[in-house]
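There are 2 protein chains.
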Amino acid sequence: MSDLNADFVQSVERLFGNRATMALAALSQHGHSEVHYEDALPQLVVYAHNTEEVAELLKLANQFEVPVTPYGAGTSVEGNALPVHGGVCVDLSEMDSILAINQADLDCTVQAGVRREQLNDYLRDTGLFFPIDPGANATIGGMASTRASGTNAVRYGTMREAVLSLRVVLPDGKIVRTSQRAKKSAAGYDLTRLFVGSEGTLGIITEITLRLHGIPETISAAVCPFNSLGGAVDTVVQIIQIGLPIARVEILDSAQMRAVNRWSQLSYAEQPTLFFEFHGSQAYVLEQIETAKLLSHENGGGEFSWADKVEDRNRLWKARHEAYYAAVNVRPNAVGWTSDVCVPISRLAECIELTQHELAEMQVPATILGHVGDGNFHVIFSIDPTSVDELRAVEEFNKRLISRAVAMDGTCTGEHGIGIGKKACLLEELGDDVVALMRSIKGVIDPKGIMNPGKIFDL
Amino acid sequence: MSDLNADFVQSVERLFGNRATMALAALSQHGHSEVHYEDALPQLVVYAHNTEEVAELLKLANQFEVPVTPYGAGTSVEGNALPVHGGVCVDLSEMDSILAINQADLDCTVQAGVRREQLNDYLRDTGLFFPIDPGANATIGGMASTRASGTNAVRYGTMREAVLSLRVVLPDGKIVRTSQRAKKSAAGYDLTRLFVGSEGTLGIITEITLRLHGIPETISAAVCPFNSLGGAVDTVVQIIQIGLPIARVEILDSAQMRAVNRWSQLSYAEQPTLFFEFHGSQAYVLEQIETAKLLSHENGGGEFSWADKVEDRNRLWKARHEAYYAAVNVRPNAVGWTSDVCVPISRLAECIELTQHELAEMQVPATILGHVGDGNFHVIFSIDPTSVDELRAVEEFNKRLISRAVAMDGTCTGEHGIGIGKKACLLEELGDDVVALMRSIKGVIDPKGIMNPGKIFDL
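Residue numbers (my numbering), protein chains in the order written: chain A, 104 to 562; chain B, 104 to 562.
Hints in this document: simulated from the structure, not taken from any laboratory.
Be careful, since some hints might not be right.
Note that the list lumps identical chains together, so a pair holds whenever it fits in one copy or between two copies.
Unchecked claim - Computed list of lysine-lysine pairs in BS3-like fashion (alpha-carbon distance at most 30 Å, straight line):
id : residue 1 : residue 2
1  : K526      : K277
2  : K162      : K502
3  : K502      : K277
4  : K396      : K551
The following block holds chain A by itself, in its conformation from the complex (with noise of 0.2 Å):
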């Protein structure tokens, strides 16, 4: 990696003031990740404040041909914001301003670096909510970035239909809003779609305008322990094909149910377990609530343990939501790495019987658990950062997991995107003519291949 040209440097020094810093400690926080991923730092990082500002940027690394990786919360998962060929890391986090919510509407306009639990906290008076949640408390802008999911995109779909229109800042610093705040739209190309999910390949994304719902009369929580996984799979399974609109609906195996009993200081069952959330009017939820126990109990699930207060849900959610750092932490000082396909549902409990069988040879700690109403669940390993032998045996496993996956007509990758670490079962997945495509349209939108070089695909 060559130094940054100087006269960049200048510039940008001119542009940020003390936002634009060279510091170690700024350099390291932003070349590293949650994951195994090795570190890579950036040369210089901003703090950007507004779209503007991230145009001006733009224009000058477009002209010195600098690398530029956009940076929000730094949770992602595949290295999708490591500046693996250094560069300048714009940190979009203090861009966190709420700037407009059209509560007749149902939707809101918000800087990229909002984030998904200051939203929420944010619209609460409002009678609305924002459901995409993927666990970590991400940036709104990295969330479109990686296309999210998480726990409710069983209900309430992804990013992909969250995002009505975006602003956003091209690799040569023009600014453009990818389309207007209409519900639906027959204008053109789909360019919000084609943003949301390019992982900050295309340019950056500062603005997002997003679809919102109400908040649900009624909501309630559940918790029921299964005799097997495979039953509490099929149960799963049974409450997609008959079109029960549960709000979430997620697995975790009984490793898993351990770790997050010792995380979390709870004392649920462990065994194979099902959390549910249904939404709705009361008495349409009492209605799902009866269809869903009867699913579970010809399934061999066991009592549901209910949630209905605030606080006893948000602590039910809250354990789920360590239940990453609760697995990688059941040996100390380990490190996680995470799978995610997703399969069509009617291939899932054939592709976590499988998954189980080879887990069960393996040396590494690992739980599952999962969006399994989208088909999608995770094998998260607690992986011992010094063995190279660990690393490489989750790495094997993780190649035969995902071909076995896209055998199924499933995917490499239900919400976390390609980053770095899935370049080859993109390649795997959709051929070599359609990753192809992909890079064409790189290249013609960023020419210079300044934006987060090295993810997705190599150019």
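Fit chain B to the given chain A structure using the hints.
Leaving out everything else, chain B in the frame of chain A:
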């Protein structure tokens, strides 16, 4: 327009045999649209039977730089399938095989020429249905290409949400599949959504994998007349704002109701009217109906006339689907012109009211109807095709309507697409930089500009 290259024609004839034709009847049929646009004939028509044939054709067209226009059912209304640069028209209507129904996954894969009514007839015994309903019995390929929606979109979304994956022939003849069949994915750029709505300008969609839905346990439809159009609109706005999951809610003004009565020999009250449909369990449908009734009553709505039996319901929606023809044919030998703006729901009442005022000043017969739950409505004019004045007056009216909608953060087209008719509107709506971005994507995927030239934007 120059003559087609003789070698090209010979090669195509060798490929397609008597499914390639230059007969005037075939050229005329494929050069004509249902609306006010002038005919524009292709020089050659081929009837494709499979993806591989389409690929061979595009290889030749690319080599000889011959314009290619895909054609489905010919029901588009913005000249989207008019071969304005001549060349070859690829008729896909004989590619009408249903390739797979994955009942357990609630999805199916069809060839592009399958029509939506055909698909729903086929699905009937499976307990599933395909909800997207633009009125016309369009092909699925055409619906994907124009990002169609229609009466059910308020509950089930548009083709944007309905398409899981596409098989596409690129302009150079390469065959690609845009994604796997999994319900969600974060694997690279969302090429599926890029092709949905691209109006055949980036390649030819030959196979579509669609999400399906379970046929609801209970379906109830009703018609309710209102004292005023404003009262009907307000009812819809309130229904949407409280989050009632209504399956259909359509508005028809009194002129439209008169036209419907005459055309379909019915005797509805000739007042502003809402057509409702509710889906769900019996109890849940009753609950939804109570709320809808209450809101209607508060806004000057009259009695609900119910259509619970399948025959009655079909009659009701048949009348709604024929509303376009009813409106155009209020006078003999007229030709239709339909507007298609879509605005945020908070601006809908104002937008419709201003539109009504303008219509009152006009001499050309017109009706208002639309999918108001999405903020999308149409003005349908019945134009004397021999009158340049009428055409000009409607053109001017439509321009003003679109400017008004765009100023309200709405779009010039909710579901019809840009075609040849709204290229200037697209620029007005999204600006030069955004359209330039679309154009650059077109340029890299179709460098010779053979695919449906003259649509969406000028090159």
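Checklist entry - Of the hints stated earlier, which fail here? => result 2, 4
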